[in-house]
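Peer 1: Below, each chain spelled out in residue letters.
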Amino acid sequence: MTELRWNPDICAACETVDCLEKCQYVRYSPEQARGERDRLIRGEETAILTDCVTCYACEEYCPHHNHPFYLIVERQEELGIHPVPKPIEKSQVLMMGPKGRIVPEAVRTPVINLCYFPMMKGAIRGRLLGDASVIVGSDIFCNLMFLHFARNSTIRERLPQMIRNIMTHYLTPGGVDELVCYHDECYGTYTSWAPAFGIDVPFRPVHFFDFLNRRLEALAGQIKPLGLKAAYQRPCSNRLCPETDAWVDAIFEKIGVERTEREFDHGNALCCGGVMEAQQRFELAESNRERNIADMKASGATMAVFNCPFCFFTLAEKAAQAGLMPVMMSDLCHMALGD
Amino acid sequence: MNDIHDELVRIVGAAYVSRAEEELYLYGRDQGVQPPGRPDYVVLPATTEEVRRIVLLAGENGVPVVPMGGGLVLSGLTVPLKGGIVLDMKRMNRILEVNELSHYCVVEAGTTQGALQAYLARRHPALKHSVPDAPPVATIAGNVAIHGSGHLSQSEGGFHSEMVTGLEVVLPTGEVCRLGSCSTVDKWFSRAPLPDLAGLFLGWNGTTGVITKVGMKLFPSFPLKDVLMFMTEDIDAVPEVISRIVSTEMGEDITFFVTPKPAYFDGFQMTNVHIVARTPREMKLRQALVRESVQPYLDRKEAGFLPLPAHMKVNLLAAPQKSLSEFADIRKGGGFEYVGSIMPVESIPGAYRAGLGIAARNGVTYSMGARVVGRGHAVMFYYAFPFNRADEAELQSVRHALEAANRAALDLGGIPWKTEVAGQRMILARMDPATVALMERLRALLDPNGIMNPGNWEVAP
Amino acid sequence: MRHEELLHRCFRCGWCKMPLNYADFNCPSYLQYRFESFTAGGRMWLIRAWQKGEIQAGERLAQILFTCVTCKNCVQTCAMPGIREQLVDIFMAAKGELVEQGLVPPSIRDYLKAMQTHGNPYKRPDAERARWAEGLDLPRYSGQAYLFYVGDEGAFDELGIGMARSVARLLGQAGVDFGILGEAETSDGNDVRAAGEEGLARALAETLTAKLNDLGVKKVVTLSPHAFNIMKTDYPAWGGAFTVEHWTQVVARRVRALAPAETALKVAFHDPCYLGRWQGEYEAPRALLRAVPGLTLLEMPRNRQNALCCGGGGGNFFTDILGHGGDQAARVRVREAAETGAAVLVVACPLCLKMLDDAVKAEGLDDRLAVRDLATLLLAMR
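Residue numbers (my numbering), protein chains in the order written: chain A, 1 to 339; chain B, 1 to 461; chain C, 1 to 382.
In isolation and in its complexed conformation, chain A is listed as follows (with noise of 0.2 Å):
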């Protein structure tokens, strides 16, 4: 059985609290944020499990990678606490689950895993991508989406089978051993979800943005500058590797994108709302979509460009609304190539 691999003792040490004190929804004195901390460590009832919106925010906060967020959801698991009621959970489980309806497909570098978008397979085309295979479905899905449903179980008991398709199927066939992950929930699961709890993945992960910015680098002289102010949306699957946060800067400057300064974007990152929604947040769910559509507008921006999916389904047509032009990062390359 897989286990958490976290250390009490670090978070007993804790100082700051970071994981707490610099969380945007909930408002603790360090006094409260302690006796959290220490009643999380002890496995008890606490406010944290029921204020928490599962922004993933804090993985990113802590400074010792001692991954709160996952201990978070542990602890709501363990006590019944649910985020989201609890038909909609039992539903989702259900309707993401494995269809066991693989289509073997012979695949060569790059391979592109789509996650559970098959909706996005018009995004891989063109001089940038268009040579990439793809792979997508159920039956490759990380189910990391579970980290909002108080359910590291389900994502426990998926996940290996999820590995294990992704090589019997794909990549071992194809002699392949790189897997380019289009959407941060996927590269978080494979960097970060993985190891913490002892899950073996035996190909390495790729970040799509990663990979876009060493394809538009073959590609510079066929890159027609775009000279556009972008917001961008960071999603919160990014708080799980933010070191890949740096990419987005490395591929607005080679296509002639600035990122504008805003309020919520990097580590004030703002949720796009969507899993607010679920959880029956709405007044929480729409203000936030209100601050960040407001502060991308006030920052200059004419475009909200975006890394998820889900974030885009969420705020796109708020975000035109707005005047601002809603686009996947993907296609923004596309644009500046002309395709």
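No wet-lab data here; the hints were simulated from the structure. Be careful, since some hints might not be right.
Unchecked claim - Cross-link-like lysine-lysine pairs, in silico, BS3-like; alpha carbons within 30 Å at most: (1) A:Lys318 - B:Lys225; (2) B:Lys284 - A:Lys90; (3) B:Lys284 - A:Lys297; (4) A:Lys121 - A:Lys90; (5) B:Lys225 - B:Lys261; (6) A:Lys297 - B:Lys313; (7) A:Lys229 - A:Lys22; (8) B:Lys301 - A:Lys318; (9) B:Lys313 - A:Lys90; (10) A:Lys90 - B:Lys301; (11) A:Lys86 - B:Lys284; (12) A:Lys86 - B:Lys301; (13) B:Lys322 - B:Lys284; (14) B:Lys261 - A:Lys90; (15) B:Lys313 - A:Lys318; (16) A:Lys86 - B:Lys261; (17) B:Lys313 - A:Lys99; (18) A:Lys90 - B:Lys322.
Claimed, not checked - Derived list of chain B stretches under chain A, where covered just means 3 residues or more per stretch with a C-beta under 8 Å from a C-beta of chain A: (19) 230-243; (20) 283-294; (21) 307-315.
Please read all numbers here as calculations on a predicted model, not as lab measurements. Built from N, CA and C at the ideal position, the CB exists for glycine as well.
Guided by the hints, dock chains B and C onto chain A, whose structure is given.
Peer 2: For chains B and C alone, kept in the frame of chain A given last:
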């Protein structure tokens, strides 16, 4: 019989009378599982006067007349049980009037739901009518005649028959009669304050006359619309959920459904609340009030609003919902029939359980659900069973399931809606004898020759 | 029969009668006849009844099936995925069965016979196929970038000839390098197939394909959307080694070369079924119209996917099997066009041109509405 044919040709023209095998075959059956009949003629009248002459001819010769609109009732109500003339009314499709200020329209009986919807959208975008979830070729008159309901039934006053402001009918004896304000003044605004005779033609399955014109209420059309889907996993909670949401008066259409497929819906109950508004601010307020109405369920994490992807919302907000027709292909066999039953809200859990039992016992798959009619005054609860038309055994199973569902509806305090002849007899058997006698007397009075859709609403076969 | 396994899956829910926006009945044969039998759903059930022996094929069934003008409105609007895509193919297959059994309405029989013996429905010798181009000084195809294919209507129909000449001039003005086949042209087979004669269609297609392959044709531009359809969709499988475009597509890409003059004209555009619903091209002709400065493009309530067919498909153009009267699709269509306030109804298909031109006369709308093919209109704007 040639005389009748020739006379029909004289009335409507040769192009619009058929006694060809092809038309007799097609007009002898509908999409459901009721056994086929066989008309002698199919006739397509274009005017009230033509209808009047056809009915007179039929009366003189004792030939049955079966009026038909879209022919989508599924339960055989337009299948000619005793031969005769099927009157396909869809050539009478003129939209005669839209009153922008008094919010009503007057249409010929064969006007389709779709045509009225498109006409209003183009010429009177501030107004709409209540659209049933039938395909857009369903007719206005056919739908009001069967006490249909639709996407404004919850918010705007009930069954579509209740939205009727006036009728023009051809009586079985050939008189053309106007009912409602249009009988007295040249306006179609209301059935009150006159003796309400429209009821003689609503719910009677075409046994009392032929509706040729309908005046119907229109309602404001709002620019913004959204849908919330509330998910529970306790059928016994559904009546209270519906009652709470209805009581906010913030929802336009409120429906509920259960389905074994897709699997992620199996075992849950989904209550859909359509919300319309003029401004984003109004929309937010309405949404908030609906959500607050079920706050105790949210607090207990027992139920919640499912975040819906945009494409699903588009699907759910469509009126009519095209995806409902796809249900007919669940068994890869082009058919479904349902027992709609009109029942009180509190009967939903019992109806649901009965439906599960009936489906299991008859080995058929199902979909069940309900639409709230009026401010929670009733629901139209449906048991829908898809079938493979090419599989006779499956048709038989569905027939049995429908019969059981009719019985269950009555046992639960509901009444089967637009039901086939067998269901009508079940209702009559439980009806107050004095009521049955009154119905018989009225029919004998209106239709002395017994020509109108015979076989329907009859106590004895 | 082909697709027999799909017949019982039609629910006959009636979505097939309407366009996506429900504007009005949109199936030309249903508009005309108004019996349920003359709808896609009615046909599905009757074909099934016929295949099961519940009804016998006769004159009426033949009339019901052959009045399907293959406009694909039903394919666009049918609610059943998995069935809807095949609807028109099912009707063509059923027509084929009737052809095999010799149960063909006389006008269709005459049409097919003319195609068989003369190679065109006009019963004219192939030697006359080049007459449309007289005086235009067009080169015979000899390795130009495009072959311009005009088909039977472009070669023999009076209005079609005018349109072919206009398109040829327009192609020239747009700087398109093309040649023609002249008397060497043969029929493309699209409409005989739609009338149920698949064998003949195939034979015609193979003859034409072989000819074009021998000439080394790489790109074809067609006058008619009907030819465009069969050449684009079916010829590759039958050996065609060339790509095919409709003339509006080729010219739309070179629209700047035309530099049309300013006009205050108000026009409506009628989407041809074989360009629109069959091939998904709705924008090329509109792009050409929008390129005319000052021109107002008015859309009819039924446009693009929802367009009401002129009734000219399925061989009806040559056979008139659909019949006449106020409910004739073409007449309904020109009334709809006139209601928009447009002075000109613009078409991009030689069949639509004649059908709608006749309908304007029949409706007595000549003083309000002119029917023009798009090429002729554009030439007049210079």
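Peer 1: Quick one: which hint numbers does this structure break? Sort them smallest to largest.
Peer 2: none
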